[in-house]
Amino acid sequence: MIDETLAKIELAPERVVERSERPGRSFWRESLDRLGENKMGMAAGGLIALLALIAICAPLLSALVTHYDPARQDLQNNFAFPGRVHWLGTDELGRDTLTRLIWGARISLGIGFLTVAIQLTFGAAIGLIAGYYGRLVDDVLMRVVDVVLAFPPIFLFIGLSILFRPSTVTLSLIIAFVGWGSVARLVRGEVLSIKNRDFMLATRSIGARDVRLIVGHLLPNSIPVMIVAASLALGQIILIEAALDFLGLGIQPPTASWGNMLTNAQTYFVHSVWLVVFPGVTIFVTVLAANLFGNAVRDAFDPRLR
Amino acid sequence: MLAKYLLRRFAAAIPVILGVTILTFLVMHATAGNYVPGLAYNPDLKPADIARIKANLGLDQPIWLQYVTWLGGMLHGDFGRSLIDGSPVMSHILERLPNTLELTITAIVLGVLIAIPLGVTGALRRGGKIDNFFTVVSTTGFAIPQFWLGLILILFFSVQLHAWGLPWLPSSGAYAAFGGGDPLDRLLHLIMPAVVLSFFYLSVWSRFVRSSMVEVLSQDYVRTARAKGMAERRVVYLHALRNAVVPLVTLVGLELPALVSGGLVVEVVFGWPGIGRLLYERALQLDYTTVMGITTFAALLVVLGNLVADVLYALLDPRIRYS
Numbered sequence: 001m002i003d004e005t006l007a008k009i010e011l012a013p014e015r016v017v018e019r020s021e022r023p024g025r026s027f028w029r030e031s032l033d034r035l036g037e038n039k040m041g042m043a044a045g046g047l048i049a050l051l052a053l054i055a056i057c058a059p060l061l062s063a064l065v066t067h068y069d070p071a072r073q074d075l076q077n078n079f080a081f082p083g084r085v086h087w088l089g090t091d092e093l094g095r096d097t098l099t100r101l102i103w104g105a106r107i108s109l110g111i112g113f114l115t116v117a118i119q120l121t122f123g124a125a126i127g128l129i130a131g132y133y134g135r136l137v138d139d140v141l142m143r144v145v146d147v148v149l150a151f152p153p154i155f156l157f158i159g160l161s162i163l164f165r166p167s168t169v170t171l172s173l174i175i176a177f178v179g180w181g182s183v184a185r186l187v188r189g190e191v192l193s194i195k196n197r198d199f200m201l202a203t204r205s206i207g208a209r210d211v212r213l214i215v216g217h218l219l220p221n222s223i224p225v226m227i228v229a230a231s232l233a234l235g236q237i238i239l240i241e242a243a244l245d246f247l248g249l250g251i252q253p254p255t256a257s258w259g260n261m262l263t264n265a266q267t268y269f270v271h272s273v274w275l276v277v278f279p280g281v282t283i284f285v286t287v288l289a290a291n292l293f294g295n296a297v298r299d300a301f302d303p304r305l306r
Numbered sequence: 001m002l003a004k005y006l007l008r009r010f011a012a013a014i015p016v017i018l019g020v021t022i023l024t025f026l027v028m029h030a031t032a033g034n035y036v037p038g039l040a041y042n043p044d045l046k047p048a049d050i051a052r053i054k055a056n057l058g059l060d061q062p063i064w065l066q067y068v069t070w071l072g073g074m075l076h077g078d079f080g081r082s083l084i085d086g087s088p089v090m091s092h093i094l095e096r097l098p099n100t101l102e103l104t105i106t107a108i109v110l111g112v113l114i115a116i117p118l119g120v121t122g123a124l125r126r127g128g129k130i131d132n133f134f135t136v137v138s139t140t141g142f143a144i145p146q147f148w149l150g151l152i153l154i155l156f157f158s159v160q161l162h163a164w165g166l167p168w169l170p171s172s173g174a175y176a177a178f179g180g181g182d183p184l185d186r187l188l189h190l191i192m193p194a195v196v197l198s199f200f201y202l203s204v205w206s207r208f209v210r211s212s213m214v215e216v217l218s219q220d221y222v223r224t225a226r227a228k229g230m231a232e233r234r235v236v237y238l239h240a241l242r243n244a245v246v247p248l249v250t251l252v253g254l255e256l257p258a259l260v261s262g263g264l265v266v267e268v269v270f271g272w273p274g275i276g277r278l279l280y281e282r283a284l285q286l287d288y289t290t291v292m293g294i295t296t297f298a299a300l301l302v303v304l305g306n307l308v309a310d311v312l313y314a315l316l317d318p319r320i321r322y323s
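As they're listed, the protein sequences go chains B and V. Heads up: the first sequence begins at 1 in our numbering, then just goes up one per residue. Heads up: the second sequence begins at 1 in our numbering, then just goes up one per residue.
A hint or two may mislead.
Every beta carbon over 10 Å from chain V, so not counted as near; a handful from chain B, in silico [unchecked claim]:
#1 L35
#2 V65
#3 A125
#4 D146
#5 P153
#6 S161
#7 A242
#8 A265
#9 Q266
#10 V276
Computed from the model, here is a short list of chain B residues facing chain V with C-beta under 10 Å [what the hints assert, rightly or not]:
#11 F81
#12 F269
#13 V270
If you anchor each label on the Cβ, the simulated ranges turn out as follows [claimed, not checked]:
#14 G229(V) with V281(B): 48 to 54 Å
#15 S167(B) with S91(V): 31 to 37 Å
#16 G83(B) with F156(V): 20 to 26 Å
Please keep in mind that the hints were generated in silico from the structure rather than gathered at the bench. Ideal placement from N, C-alpha and C gives every residue a C-beta, glycine not left out.
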């Protein structure tokens with residue numbers, strides 16, 4: 001055992017030489033460079049950033065650019081065709097479609113990012129604990145994950161959304177309630193592969209406690225998989241949220257969301273096509289951008305693809 | 001060895017089944033635990049009568065006993081009763097299940113049948129125009145909201161074609177309300193929902209077949225087959241395709257739980273009388289017991305499905321038993 005350790009120490013200088021041949025580039029630098037080289041991925045990421053900016057500036061945009069309030073009804077101008085006054089037309093109550101789309105971005109992206117944050121935090125915590133402590137703790141926590149993932153997601157979303165009045169926060173919690181399970185599984189797998197490496201043994205042997213091992217070493221090492229999981233989840237969450245809104249089980253009218261705009265549009269789309277086209281295209285383009293960016297992030301960051 | 005593995009696998013499924021049922025039971029108890037349909041509407045009932053009715057229904061029992069009774073009922077296929085009309089949930093499930101299976105199985109079969117040629121062509125023409133086009137198609141399938149695609153299809157194939165006086169597709173239901181129900185009528189109703197549902201599947205699976213095919217085509221035995229002068233057609237379809245498609249079986253197997261739940265949004269958009277739409281309608285009426293009964297039923301199917309799949313894999317692939 002000691003001989004083996006000595007042999008490893010003797011090998012160390014060689015490794016240093018090896019490494020110095022390559023300019024000092026960290027994992028992060030390397031991954032970010034790789035991401036930067038992906039033109040399509042960066043364009044998609046830029047679009048998401050732009051949409052986020054639009055969502056944040058919605059009050060400003062509706063006051064200065066479109067000049068309409070998302071809830072203001074103009075019954076004399078309902079079903080207005082897209083044109084100079086209403087760029088993307090109006091709905092059955094004369095509300096401006098573009099303004100409502102801009103405000104809807106707050107809902108879609110807000111819930112998207114919030115859900116990702118919740119399911120990542122909770123899932124990673126459970127995954128770290130299960131993977132680190134192993135044995136009974138692992139068994140119990142993973143069975144809980146099994147239970148949550150056994151429910152068909154859409155059934156669970158609907159069941160939960162009739163129990164809790166849907167708002168931005170509850171809807172995020174509901175969607176994250178399903179999403180954390182797969183994050184926990186992913187992080188746990190990563191922890192299991194890191195746990196028995198030499199540096200963990202070394203840290204433990206100098207007397208580090210569990211918390212330091214988990215927070216100081218296991219967490220930073222599983223952040224790449226978490227980034228990948230987060231970026232791939234965003235598009236799916238936006239789709240689910242839009243579907244719940246469409247079904248009338250998510251964000252309720254009169255608050256404008258991309259999904260619930262389509263619920264109403266369903267009734268009138270025979271004579272007012274724009275009501276169904278614009279919100280749908282908006283959801284599609286946003287999810288497309290999120291997915292393309294997610295793929296680019298995965299290609300750049302996923303340690304398993306190295 | 002096999003028996004031991006199977007035993008371990010069964011043992012692992014039991015806590016999950018208990019977890020699923022306890023969770024739904026607690027939710028149901030919190031929402032509708034003490035409710036008896038119609039009781040509140042009958043002014044003639046004395047408190048003593050109400051107490052007796054509740055005692056008859058077992059509502060005065062301790063909660064764990066109620067749970068055990070409920071669990072026992074499910075062993076006999078009793079998934080509770082509707083909160084609204086007191087009808088057995090299982091009868092609704094059985095009534096709707098065939099319609100749902102008709103839709104989801106058609107979509108999955110369509111998905112597989114289209115995904116394989118798309119994936120193979122993409123792999124053979126890697127980087128070419130056709131490959132790029134297929135990539136665009138599947139990227140679209142990942143990002144398009146199913147309900148919106150449904151609306152657009154209805155707009156074109158039902159509304160617009162009808163307006164132009166051309167043959168059109170029915171937009172709602174599984175068969176025409178009057179004089180419908182013959183195979184052709186059902187087929188016409190099935191087309192649009194099945195297309196929407198299969199679009200997502202074929203997007204996922206065609207990418208998978210493509211990458212798996214690319215990998216297989218670079219294998220030594222493919223080179224050997226080519227080197228010995230075998231016709232390209234034979235190499236691709238006889239040797240490569242067979243091995244590229246095997247992993248797809250696993251992927252399709254993962255979708256089996258979706259046989260019951262996968263079509264919910266599509267069922268709602270197209271008014272398809274399946275289980276998903278049943279759950280949705282009951283949810284809108286706040287019929288907690290029916291919603292939870294269907295959910296439990298579907299979750300148990302998922303657990304059992306996974307169990308059966310694992311057992312089958314273990315029978316087919318001896319390596320699994322030892323891991």
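Assertion that A265(B) lies outside the chain V interface [Cβ separation over 10 Å]: violated (8 Å)
query: Taking C-beta pairs only, is A242(B) more than 10 Å away from all of chain V?
result: violated (6 Å)
Given hint F81(B) near chain V, where the shortest CB pair must fall under 10 Å: Result: violated, 17 Å to nearest chain V Cβ.
message: Against the range 20 to 26 Å, how does the distance between the Cβ atoms of G83(B) and F156(V) compare: consistent or not?
response: holds (24 Å)
message: So V65(B) supposedly isn't at the interface. Is its beta-carbon more than 10 Å from every beta-carbon in chain V?
response: Fine: 26 Å to the nearest Cβ keeps V65(B) off the interface.
Minimum beta-carbon distance criterion (10 Å), F269(B) to chain V: Holds: closest Cβ of chain V sits about 6 Å from F269(B), inside 10 Å.
query: Is it correct that the beta-carbon of Q266(B) has no partner in chain V closer than or equal to 10 Å?
result: violated (6 Å)
message: Is the claim that A125(B) lies outside the interface with chain V correct, judged by CB distances over 10 Å?
response: With a cut-off of 10 Å, A125(B) remains clear of chain V, as the shortest Cβ separation is near 20 Å.
- prompt: With d taken as the least Cβ-Cβ distance between V276(B) and chain V, does d exceed 10 Å?
  reply: violated (5 Å)
query: Any Cβ of chain V at or closer than 10 Å to D146(B), or is the non-interface label fine?
result: violated (5 Å)
query: Taking the CB of S167(B) and the CB of S91(V), does the distance hold inside 31 to 37 Å?
result: holds (36 Å)
field: Outcome of range test on Cβ distance (G229(V), V281(B); 48 to 54 Å)
entry: Holds: the Cβ-Cβ distance is about 52 Å, inside 48 to 54 Å.
Violated hints, in rising order: 4, 5, 6, 7, 8, 9, 10 and 11; the structure is consistent with all others.
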